Structure formats: C-alpha cells, structure tokens
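Trainee: Residue numbers (our numbering), protein chains in the order written: chain A, 30 to 333; chain B, 751 to 931; chain C, 844 to 1210; chain D, 618 to 1233; chain E, 2 to 193.
Calculated from the structure, these hints are not laboratory results. Some hints here could point you the wrong way.
Subject to a maximum C-alpha distance of 30 Å in a straight line, what follows is the list of computed DSSO-like cross-link-like pairs (lysine-lysine) [claimed, not checked]:
id	chain 1	residue 1	chain 2	residue 2
1	B	899	D	710
2	B	866	D	1135
3	B	918	D	1139
4	E	56	C	1134
5	C	1082	E	132
6	E	56	E	84
7	C	1082	C	1128
8	C	1039	A	318
9	C	1082	C	867
10	E	132	C	867
11	C	1073	C	1051
12	B	889	B	922
13	C	1051	E	90
14	C	1073	E	52
15	D	1146	D	1135
16	B	922	C	1164
17	D	710	B	907
18	E	52	C	1012
19	D	710	D	972
20	C	1073	E	90
21	C	1022	A	60
22	E	39	E	52
23	C	1164	E	52
24	E	39	E	50
25	B	899	B	922
26	C	877	E	132
27	C	1051	E	84
28	E	56	E	39
29	B	907	D	1139
30	D	1146	B	905
31	B	922	C	867
32	C	1073	E	132
33	C	1082	E	84
34	E	90	E	56
35	D	710	C	877
36	E	132	E	56
37	B	907	B	889
38	C	1051	C	1012
39	D	1111	D	1049
40	E	90	E	50
Computed from a predicted model, the values in this text were never measured in an experiment.
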Amino acid sequence: MNTILFEILGAIATILLAFTVGMFYGGARRKIIARIQNRVGPPVYQNFIDVIKLYSKETSIHHGAMQHMGPVFAITASVTSLMFVPVLNGGGWFWFDNLSFSGDLIFLVYMMVFGSLGMALGAGQTGNPNSAIGVTRGLSQMVGYEIPFVMSMVALMTQFHTTSITGMMEIQAQSGTWMMFSNPFAFITAVLAMLGMFHYSPFDIVHAPAEVASGPVSEFGGKYLGLMMSSGSIFAFVKLTLFVNVFMGGASNLIELVVKTFALYMIPVLYGVTSPRYRTEQAITYFWKWPLFFGVISLLWAAF
Amino acid sequence: MYNDKNAQTIVEYIQNFTRKNSLFMLAYGTGCGAIELPATLTSRYDAERLGVRGAATPRQADLLLITGYLSTKTLKRVIRVYEQMQDPKYVIGFGSCTINGGMYWDSYNTIKLLDKYIPVDVYINGCMPRPESVIAGFKELQSLIAAGKADGAAKYKENLEWYRENQKKVLKNWPLVEYNW
Amino acid sequence: MREKSTTLYLGPQHPGITGNMMVKLQLEGDTIVKATTHVGYLHRAFEKLIERRNWMQTTTILCRFCVPEPDPPEAAFALAVEQIEGREVPERGKYLRSLVLELARLQSFMLWYAGQSGSTGLYTVGQWSVGDRNYVLDLFEELTGGRIYHMYIWPGGVRRDIPEGFEDKVLRTMDYIEKRIDDYDRMMFDSAIFQKRAQGVGIITKEKAMEWGVVGAPLRGCGIGHDVRKDNPYDAYDKLDFEMGIFEGGDVWARARVRQFEIRQTISMIRQLIQNLPSGDYLNKMPNPMKWTIPAGSAYGKVESVRGEFGFHVVSDGSDKPRRVHARGPAYVHGVSLLEDVLIGQNLADVSFIMNSLGVCPPEIER
Amino acid sequence: MNSLILILILIFGGGIISFLLNKFLPILRDAFVVLVMLAISYLFFTIDHAEQFDFEIGGISLQWGFTYAGYLFGIIVAGLGFLSILYSTAFMKGKDRLGYFYMNFLFSIGAMFGILMSRDLVSLFFFWEIMTWSSYFIVIYSGKEVNGRGLKYILFSAIGAYAMLMAIVILYGFIGSFMLEDVFNSIYALSTGYQIAIAVLLMIGFGVKTAIMPVHVWAPDAYSESPMAYTALFSGALSKMGVFGFALVLFNLVSGQNWLINEIVAWLAAITSVLATFYAVIQKDAKKLLAYSSIAQLGYIVVGLASGTYLGVMAGIFLAVLHAVFKGTLFMAVGAVERQAGTTDMTQVSGLIRKMPWTFFATLISIITLAGIPPLGGFVGKWMLYEALITSDRYYLVIMIFLSSTAAFLYSYRILFGLFLGQEEPEFAHVKEAPLVMLIPMLLLAGISVLTGSFPGLVMQPIQEAMLVLGFENRLPDMDWWQLTVLFNTWGDKVVLQNVMISIMGVFLVALTFITIKGYKKQRYVTTKDISSSGEIIQPEDNMTFQIDFYKPFERAIWPMLKRNIDTYYTEFGNGLEAFFDFVKRIYNGNGQFYAIYVMAFLALLLLAGSEYFGF
Amino acid sequence: METSLIKEELLAQQLQNAFENIVTEAVRKDTVFAYASKEQVSSILLYAKEKLGYKSLAHMSCIDWLESDEFELVYIIWSPETKLNLFVKTRIDRQNPEMENMDMIWRQLNTYQREIREMFGVEFPGFVGEKEFILEDWEDAPPMRRDFDTLEYVNDTFFEREGREDKQDVRERIAKRSGEEIPDFAKKYSRE
C-alpha cells in the first residue's frame, strides 16, 4: 500500500517537474525571441502567470461534451507519455519508479498522437471553421513529420535490437557512445522531424494567427486554454526528454537533464525565429524530402 | 488589517496579480489608433514585458482595445466581440474620439461616447496617443486590476438594459443575440 | 439555402486582416472560390465633414485618410488647391515637401516589411523594422510635432522650416536604416521559405493590371513602369535622380522585389534632397487662413504614395469652404474589386499575404 | 443429428422460409430470422470440434468439419452475423423485398460457415460461389442503377473463381484428391513451378475477397452500395474468408519455401493499405470512406499473415478479429446515420453528436480502435504488427504500414467530424437517436473493442489455438484470459496493458473531474452558432462547417503519388474496364444462369485442355 | 503659362472634332475639361480609351449642385503616352438621377458606381453590385447629398459628452462639470 502511495506522490512530483521545466522553457523561449528581436521581453516566469490567470478566468460557455473533453484528452496524452518516459537514467525521479518498463517506443509514438486527436475532436465540436481548418492542417502535417520520426526510431531499433527506451539508454551507458553518434543520420532525421513536432515556425501552420486565427483553440478560453497550455508544457518536456534519452544517453541528474534538453530545445526555437511559415502542403513535402532521405540512409546504416 | 472589509484575501491577491500581469489583448484594430499598436508592441516600447500579448479570438482575450472612433458598423461587431469575451474582461478606450467624438463630433457615422455602449475601464487621451501613453494606460489598468476595481464587465452585466437601450438607438436591423458569457 | 462551400469571415476581428475590414471567403478545401470584400467599418464621412470645414481646417482631416502614410493625402490636396488657385510654391517648400513625402514613404515601407513578413509568421523582421521605424517617426516629431499625423504640407508650401541640425539627423538615420534594411532582406528575401511562399501567388497579369487600373508597386510588379513621380512630376521630383523598380511576374514576389528596390531609392532620394536643399522661403503665405477663399474651379491633384497613385478631386465654388473633395486612394482600386478577383483560386494561407502585398488599407477606401 | 448439417440445414432452410414468410406472414419475418440466427449461434458455440461429416458425391469423397482455425473465424461470422441480423431488423424496416434480402443474408452466413467447415476443395469452391452470389444479390439489392457496380464485383469474383478453379483442377490432376489434408501433405511432391502457380492462383482467388491491390477495384463500390446492415457483415466477416484462405495458402503451401512470395504478398498488401488509406482520406461519402478503410485494414492483416513470424501472424489474426468488431460497428453506425439523417454524404451532414450521442459514442470507440490508439484493442494489434515487422528486420515495410496508419488518423477524424461534429444545422434538427435494436449491436461491439484493449487474452487465446493448427508453437503463458495483459516481442520488450489502461484512465478521470468541477455552476451550453466568427453574426445562408475537400493540402502533397500510380494505370484500366463491362453486360445480363453456363463452359474447356496438357 | 499648353489644346481639338455638341477647354497644364451631355459620355470615354490612348481611369466623382438642382458627374482619365488628365463632365437631373452603367469599360468603375449610388442615390440601370457598400442599414437620405444635415442627424442619434454642446470651447463647461448628470449606477461604481 505504502509503495503505491509513494508511487503516486512520485508521479505527481514528476508531473510538477515536467510542468515547471516546460513552463520555464516556454518563458525562456519568449525571452530569447524577444532578445533576438531587440526587445526586453516578458519575464521568464511569464507563462506561469498566464496559466494561473487562465485558470482563474471564468469559462462560462462550452459547445458540448467533446469540447469539454478535448483539453482533457490532450493532458491525458502528455501526462501518460510522461509516465512512460524515464526522466533520469535508471528510471524515474522522486520515489517514482517510472513506468517505462511497461511501454516501449511504439507505444509512445502512438500515445503522443492521442492528445492531438482528442484535441481535434474538441476543436471539431465547436463548429468554428477556423478550428476545423486548423485541425486538418495539423493532422496533415502530422503525417508529414511522423514518418521521418518513426524512420529514425526504427533505424535505432533495428540497429540495437531493442524497442524500449530503457533498453536504449542501457546500451548507450554500456557502450559509452550516444546514439546520435552511433547513428548520426537517425539523429538528423529525428531532429528535422522534431522541428515539426514542436509546431514552431516554420511549422506553426496549425495555429497560424494570420491565417486561421489560432486554429483549433479559437473557441477555447479560460480553463480549457489553461489546461492546454499546461499540457503543452508537459508535452514539450516529454518530447525533449525522450530525445535526450534516446539520442543523448539520458541524464543522471536533473542538471544534466536540463542542460541537454535545453540545448536540444534551442534547435526548434532558433530555427523558428528566423523562418516564415510554410504552407501546409509545402510542410508535408518538406518532411518527405530531406528528412525522408536521411531516414532511408539511417535505415541502411542500421542494416549494414 | 484583518478587520478591513476591503482587504483582499490571498487568493484574490494572487488572482489579481496574475490578471494584471497577463493581459491578452484582442487583435482588433477598430480605428486609426491601431497604427501605434505595432510600435507599442515592438522593440522600442515592447509592451510584452508588461505581460501584454495578442490573442486571436475573443474567447481567449482579456483586454479589448478600442483604438479610436467607432463607426456604427464597427460598434455592432465590437459589442458582439465584447460579449463573447470571457470574464474578467477589460476595455481600454484609446484616443480622443472614444472619449467625446474627437474631431468627428459632427460625423453621422461615428459614435461619440463609447461608455454609453460598452463599459470602459481606462481611457487614453490623445490623437493619436503615443506608445508611451498607451503603456501608461496599460499601467493604469494594471493598478486598477490590482486594486480589484476594474469591474466594467460587472457593471455591464448589472445594467444590461441601460446599455441595450443605448445600443439599440444606433444599431438597426442587427440581432443582438443572446447575452452570452 | 445554405452555401455548399464553407464560409469564413476574415475580419473585421481577425489577426490576418490589414485593418478594419472584412473579406468573406467561400472555401472549398482551403481554396477560395469566392471572396467578397466588405468595407465601411472605418467610414467617418470625411468628405461630408470637409464640406463643413474651412479650406484651412481640412488639413487636420486630410492626414487621417490613410493612417500608415498620412502625408500623400496632404500633398495631393495641396497640389489640387494650388492648381485651382494658381499658387506657386517656393523651391525650398517643394524640397521640404518631397523630403517629408519620402520619409513617409520610408516609414511606410518599413511598416510594410512588418506586414508582409508577419503574415507569414516571420515576426522577427517586423519587430526589427517597426522598431527602427521609430527613428523615422522621431524625425517627424522633431520636424512637425507629431509622430503619425503631421499636418505639415499646406497649400503653398509647408507649415514650418526644418529645425537646426535636422539635416545631420536625417543623414545619420538614413545610414542606420540602410544598414538595417540589409538585415531585413537577408532574413526575409533570402529565406527559401519566403520565396516559396511568395512566388506564383496572387498573380496579376499585365492585361488585368491595365483593365482594373492597378497602380503603384503592384503595377510595376507586372512589368509596367508607371510612377506619378516620373510621369507627372510634382514638387522636387523632376530634379531628383531615381529609378522605378520594374519587375516581371505580377506575383507577390515581384511586388516585394519592387518595394525592396524602391526603399533603397527612397533613401538615396532623401540624401539627395538633404544635400541639394535650396535656401529661401518655405511657404507662399496665404492671407488670413480662416477667411481664405479659393476661386471656383476643379482640379485633380495626384501623388505617388507607397501603394500607388493617391489623388484628390477638389471642387471649389468660390466660397471659403470646399464644395467637394473626393479622394481616390490606391486601396480603393486594389482593395475592393481587384482583391475579390485576385483571391479566387488562392489558398486560404495566402489571403493576408496577398492583401499585404497589394497594400490594402481600408481607411482610404471608405474614408 | 450431426450439428454441422443441422447448422447448414437451419440456415439455408431458414433463408428459404424467411423468403416465404415475407410473402405470407411478414409480421413474423423479423422475429424468425433473429431466432434462426440465435439458434445457429447457439449451435455453433456448443459445437464439438471433433465432429465431422463425410460423404461422397459422384465418386468424390468430401469431408466437413471445423478445424480450430475455421472455428475462430466462425466465431466472427456467428457473432457478427447475429448482431447484424438483429441490427437489420430495425435498419431494414419499411423497405421492399425483405424476403429476398434476408434469404441472401442467411445464405451468405451459411456459405461462410460452409467455407470454414469444408475440408475439401470442392465444397470450399461450392460454398465460395454461394457466398459470392448471395453477396452479389445483396449488392444489387438497392436497385438497377447500381448494377454496373454489382457487375464489377461479380466480374472480379468470377476472375477469382476461375483462378481458384484452375488451381483446384491442377491440384486434382496431380494429387487425385480434393481433400485439403492430402493436398497439403503432397504438394511438395510437385515441381516448384506448379507449386508457385497453384499458390498464386489460389491467392488471386482469395485475394479478390480480401481486396488486395490489383484486384481491389470492386470493393469500395460494393461495400458502399449494399445496405449497411449487410456491409457490416460483408466487410467484417465475408472479407475475412479471404483472410482465412490466405492463411491456408500461406502456411500450408508457401511457408518454408524460399520463394519471396511472402515478401511480395506483404509488399502488395502494404502498398494496398497505403493507397487505400490515401483514397479513404479524400472520400466525401462516409460509406466510401469506410470501404476504402476496410481495404487498408485488410492490408495490415495480410501483411501480418505474410510476415510469417509468430507475432506477425498473431497480429494479423488479432486484427482480423478486431476489424470485424470495429468495422462492423462503424458500418452499423454509418447505417444508423443514413437511416436517421437520410444521407451519409459528409459534405452535407454535420453536427449530429447531440442528436445521436450513443451512435457517436460507438463510432468514437471504434475509431479509436481503428486508429490503434491506446488503450483500446486496436493498439494491441498494431503494436504486435509493428514489433513483428521490426524484429524480423522488415523496416521498410514498417514504414509503409506506419505511413498508412498515420494517414488513417486523417480519415478517422474526417468521419467523426463529418458526421457528428461541426455546426448543428437546422435541416438536421429533426434527427433522433437510432432505435435501441440498432444501438445494442453497436454498443456491444464497441464494448468488445474496449475490453480487448486491456484483456487481449480474450482474443489471443483462441487465436493461439488456431495458430497451433497452422503450425505455430504455443508461446502464450499458461494463464486465464484476464491475466494475460503483458505483450512481449522477441527481443523481450514489452507493453503492460494494465499499466497503460490504469495510467490513461487515471489521468483522464482526474483531469476530467478537475475541469468539470471548476466553475461548473457558471458554465452553460451554447449552440455552435455562437462562435467567434470575427465579430460577424452568422447568416442563415452561411455554411460554417468545413466540409468540402477536407484534406486539400494533404491531397496536394500526395497528389503526385496518387497520380502516378492510380491515375495513369487504374483510371485508364478502369475506363477500359467500363467499356469491357458494357460489352460483357450483353453476354451476362446480370442473370445467374448465364453465369452458371459460362462457368460450366469454362470448366469443360479447362478439363479438356487439362487432359491434353496435364494428362488426365 | 499659355505657351506650354500645346498638348492640351491638341487634345481639346481632337475631341472637338470627333464629337459635335461638346465643349472642351484646355484649362491648365496636364488638364483638359470636356463638358458633354449625359448620353455622350460613354462614347467619349470609349473614343478616348480606344483611339486616343486614355487607357487609365483615374477617378470618377459626383458633385451635388443643390442650387441648380443637378448632379455633376466627372470622369477623370489619364493617358500613359501624353500624360494628360482628361476630365469628362456631365450634369444629370437631381430629382431622378440616372447614369449609364459603364463598368464594362473600366472594371474599377464598379466600385465607384457602388459608392456614388450609395452616397448620392444616383442609379446606374443594369449595374450589378451589392447594394450596401460602406453604410449598413442606412435608412436616411443618401448622406453625401448637400441637403442631408449631418449635425442634425448626430444630435438625433448620438450622445454628447457634457461640455461639448456649444462645439466651441470646452474649458468653461469643464469647469462647471459638477452639474453633469451621472447615471445612478455609475455613482455607485464611482472611483472617487
């Protein structure tokens, strides 16, 4: 009984960690972008203020049950994926024995789309055409970036004969080589796919304000938007941690984790500041050109 | 201090603190004052450091900026947009024309008194107000929020009939849909 | 009966619209099958108000015709009035007018940089250029007292002479901005994504351009070289050395290239104006402005604004108030029927992009 | 009496009686067919596996009896058959020619049982033809205008039948027996060329029903044209007969040989699934969409079977069972929409969620299963499939399957959005929830989808037994079905479904409680007309639902692919085919007798030619 | 001045030769006026466009001459070759204002005609275009007519802030603001 209690406490602590780190990364992103744009920018903790304000805002309307549940799906996906991604080497954090032994990469890949589909359902029920257009853009783009992402993952799996994240982390610990060096092409492919996964410019076509007025979230305000922002922060942490675990040998303590994930996080952020937005079909074809090419090479690399 | 009726509880204090430091401004340039908004939001004046940022749709927004005169055609949309915003919400009247009609005092198509139609929390004077005064307006609003006095929306709810009567005087053939927030 | 295709209201409250107007789109997929422009959200009845104002009082109204670029209306009106009255403008006044017009053009170009790049999500360029635009506005402030609305150009000249040391400031600002423009270009025009987005989008053919009366940069982007400053030179433009940017293609890319070329021409023109500024009187003073009358007659004064030909048709009946002042801004042509036509078959993602490249500015459509 | 015979007599007799009942006592008809199906299901589930029935006709000895593999597929047929009959009593209410419909319905169920219990090639072929014909008659049930499409179906079926017949004749010529057992035992005596030829011919025969790529053309039309009550069975169970046949061929004729046939079949199936998914994405009609999706899903199943590894075959059959479950539900749900709202055109229907909440719920569950999203059953199948392919180093195949199933999210969302979400329009204000008789089958099947997500043992243990028949060893741990919640691949990586389920449900419930309780009292429902349409008020003539060309950008991105592969070949081919149909129509008249004569003539020709070339 | 009007005089002469009952006048540099009757306008415009190269429509305007009970319509066209502005002016009856629809000659006339129809009430028979252009739900007289008094309309429709009613000097009134009438509820929320 005690163990279960501690597990749950640890899980909550992990969620809080992911939330905090994700929020600070979002704040740091805003700050960095501001500095690039010659501005002072908001304080690093601005995202916390935003989220708390959104929760404290009244939400007096909803368009039906699915809209109500859309953000819930989103946070379910991000928290569940978090449960299955080892935060530190050798499992979880803070009494929490991570669940990664009970789910592997294939599971995670599927778990990660769970949220966007749930969110899409919520956006669909609002009946706002902007939402629906945003959703079609997002799903189409997802087909684009998932393929190279899975390619790089499959390349690693076939190269090292394991599909579990802990397995990969152990292999890296034993061989002492990060997977970004043992299969560099897989890393390149995955990073290119990651640009799309973060939905930052030039792949921010889902929320593109000038085109679809923030897309799927156009009818979501108050607590819904707050829940989605929280979910987004946790999800950013999950994605970064997953990449660090798989490609950069994981982290043995929190500082290492933060350093590695932040370094990785800078790639989409800095790429985003300097790029205009793609049109949807251009984004898809982008993913199906170079990333796919690198993906094929990484698979060949893995095979021979 | 504990006996002071007007003192805020700690929850209210936190709420007001976050509300004042995170103002999502609706992207609606209703009049010519919108030309100073880019300047206010960009590098020299940078309103984002105060927590002001744009929001694309009224559901997400806290702050409605009426940037200048409102023609009657726009007033209809503004009322609609304002009612779609979620509580708590604030309105800043921007420029002389929102205060008393400004230089359009004899124009048949612009309203003269904004606060007869929607409640205004803060007015910013000038034609057009410089970015500095816009930021001063934001600060003024922030201090009102912190004191818990930016209650225009509550006023609107309470005196809806009065506002509706005024609105109907200029809005012809426009369905004032169900009161919604 | 409901439409088969999806209706999407783009505006008036929409981050992608260039001002307070509305384009009602009918979509099939994300392709536009029908677009209807709705304007009038900014109608202030300027032309009605002008009928109730003195000739001199109109100056306050004129600059508000087009907010991003307030000086061309003043200049066009002044030209028309001078034509009717036969009033001569001193040489220095002409140069100062051109200087103010070119500075206004410069800041408008910089605002355009923000709009064009911001509509594709490249906010960095916009942040830079709008931030740097403040330096130009500072010059205005020093010269005229206002950041946005200047009321500087009067019939007969300009309102006041330049302050001391102003030339240096202008030249220094130009040096700085010229440097910065290269930065914007590197980020915007050199970006492969921007090129992909802009090329082949929003095409106006040469024939269509003539038929619809396209003016300004969109016209020069079709490969047709017309510019009021060259065709009917006003103020000091016949003494300046500058070129029109003429690019083929008629798409957003060509229009962007035209502006990219012309912003440099503008800077060089400002330098020429400062260097060749003649001395002398700056204003051919009118008698008591409040009792000033203009002889009966009518004229059409036009200048080249950043978006194209801006004209005023001024009719006087000999009294102290204008009989009729009718403005014709470039957006009047571009923003209503041309936009409706160009948008058909385009992608939803490009609407805001195209509108920015056409320079649709609603306040001058509905006035 | 032998219960095999009893089943067949009951079902075919029941079919004829229901036809007669419709003429004379229409009131009893519905109750009767349901009772018949109930009886059959009862008989089937209590059947003794060892039971068999031998007889001889014209010197050819025939044998009937269920193998475990057949029994497994029989479960699908019996379960789905019963539920879809139950569903169709409400769905078909008020339509004409119901006797004809129910007779063919029962006939095709009977034929499927027959196929599954045949242990010889002759009865297999016989029942196969009955199945083809009864399904054809239902495809053309809706009327004359769909005859062209029905003809496409019957023509492809005929091609399949000829191929099968040819294989049977060749086999008989060499082996001298029609018994499957004999065939499987002595096939290796034949020369390699003949073995390949026979395998390919049989696979064409079965492939037509499975709608594998070169011969899938009939499927979208046939699936969408027949009444949805039957399509549930058609796509859910009838197509599985092809899978069953594939399993027979792949594991008895091909396996162990180094012919690359496995690989070719797997690639064909993968390409089928990708292209069919792309086509499903761009469909406008929900029925068509589901039809293409069926083709794609059958592609996964065949990939799984063709991979030949333990996990792959397990995944294939698991997906086959599950496909019957969720696609049955989906076709039923779309049928419910068609019946209640009048159309399934996704460019017209919208916003039914508040009108038909239970139908939406069943659809949602099935779609989640279809998309393979945890924690429902579809994920189990997908996981096993991926792991099987990855562990057997078929990584490019994995990418194909992954492309297909990622693109499947698109049409999954499309169907949910197109029918149930979006604006609630006044012209659908009258729509009511489907009757209970239609809801019960859907919800039951949806329940199975949910259950298999956490307890895959429920399905996997029967599959294991069937796989023993197909020649795989038992790798499942020896435990009860509810204990089997951990899946392993050959590298030892696993997924613990219990943890997945607990984690997802836990987080979901906590978050849902939080978001519902917070500000609950102040929140109220507003209609979908109250949306932020840029400050404008929606006019009655505005269509605010995004319906037409839903995935236009995606379509543009994949257009080169579709164009090169399908446009140039298939449309051309299809156009040619249409012309050919017109010609064939004159010979066929859609009349069964002509077809029978034609088959006979072909058979005679084949026998003549065969005796000349093969010496018998 | 007069010496430099060669081009202008030439154009005036050309038009005079081509059409009978019109009056032309080379007014000043770059400007030529042509006064014509309502029926002749379209043929003049077509002639100028096709024969003389006045391809570009610069402007179309309407002036209300209330005193003589007429509307004056002005078409300003411009030639890329000669760079002259040609004003074609015509007067139409103010009581029953009608003008030929010419948006097939220049497509952009569509917009002008929509505006003039709305603002002056001039009808263009056969003209297709949405009725409402700038105004919405306008029930009064066309606002740009000179007999429409905008100040009166404003006084009827809109509210005035106290202290501005004399439209001249607000300082005095602001000093007397204590007499301002505040709605009851507003007093309750007053921030003092």
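Trainee: Could you run down the list of hints and mark each one as holding or not?
Mentor: How the hints compare with the structure:
{"no.": "1", "hint": "B:899 / D:710", "result": "violated, 65 Å"}
{"no.": "2", "hint": "B:866 / D:1135", "result": "violated, 34 Å"}
{"no.": "3", "hint": "B:918 / D:1139", "result": "holds, 28 Å"}
{"no.": "4", "hint": "E:56 / C:1134", "result": "violated, 40 Å"}
{"no.": "5", "hint": "C:1082 / E:132", "result": "violated, 47 Å"}
{"no.": "6", "hint": "E:56 / E:84", "result": "holds, 11 Å"}
{"no.": "7", "hint": "C:1082 / C:1128", "result": "holds, 24 Å"}
{"no.": "8", "hint": "C:1039 / A:318", "result": "holds, 15 Å"}
{"no.": "9", "hint": "C:1082 / C:867", "result": "violated, 45 Å"}
{"no.": "10", "hint": "E:132 / C:867", "result": "holds, 16 Å"}
{"no.": "11", "hint": "C:1073 / C:1051", "result": "holds, 23 Å"}
{"no.": "12", "hint": "B:889 / B:922", "result": "violated, 37 Å"}
{"no.": "13", "hint": "C:1051 / E:90", "result": "holds, 27 Å"}
{"no.": "14", "hint": "C:1073 / E:52", "result": "holds, 24 Å"}
{"no.": "15", "hint": "D:1146 / D:1135", "result": "holds, 25 Å"}
{"no.": "16", "hint": "B:922 / C:1164", "result": "violated, 33 Å"}
{"no.": "17", "hint": "D:710 / B:907", "result": "violated, 53 Å"}
{"no.": "18", "hint": "E:52 / C:1012", "result": "violated, 51 Å"}
{"no.": "19", "hint": "D:710 / D:972", "result": "holds, 21 Å"}
{"no.": "20", "hint": "C:1073 / E:90", "result": "holds, 27 Å"}
{"no.": "21", "hint": "C:1022 / A:60", "result": "holds, 25 Å"}
{"no.": "22", "hint": "E:39 / E:52", "result": "holds, 21 Å"}
{"no.": "23", "hint": "C:1164 / E:52", "result": "violated, 39 Å"}
{"no.": "24", "hint": "E:39 / E:50", "result": "holds, 18 Å"}
{"no.": "25", "hint": "B:899 / B:922", "result": "violated, 33 Å"}
{"no.": "26", "hint": "C:877 / E:132", "result": "holds, 18 Å"}
{"no.": "27", "hint": "C:1051 / E:84", "result": "holds, 21 Å"}
{"no.": "28", "hint": "E:56 / E:39", "result": "holds, 21 Å"}
{"no.": "29", "hint": "B:907 / D:1139", "result": "holds, 14 Å"}
{"no.": "30", "hint": "D:1146 / B:905", "result": "holds, 26 Å"}
{"no.": "31", "hint": "B:922 / C:867", "result": "holds, 21 Å"}
{"no.": "32", "hint": "C:1073 / E:132", "result": "violated, 38 Å"}
{"no.": "33", "hint": "C:1082 / E:84", "result": "holds, 18 Å"}
{"no.": "34", "hint": "E:90 / E:56", "result": "holds, 18 Å"}
{"no.": "35", "hint": "D:710 / C:877", "result": "violated, 43 Å"}
{"no.": "36", "hint": "E:132 / E:56", "result": "holds, 28 Å"}
{"no.": "37", "hint": "B:907 / B:889", "result": "holds, 25 Å"}
{"no.": "38", "hint": "C:1051 / C:1012", "result": "violated, 43 Å"}
{"no.": "39", "hint": "D:1111 / D:1049", "result": "violated, 45 Å"}
{"no.": "40", "hint": "E:90 / E:50", "result": "holds, 16 Å"}
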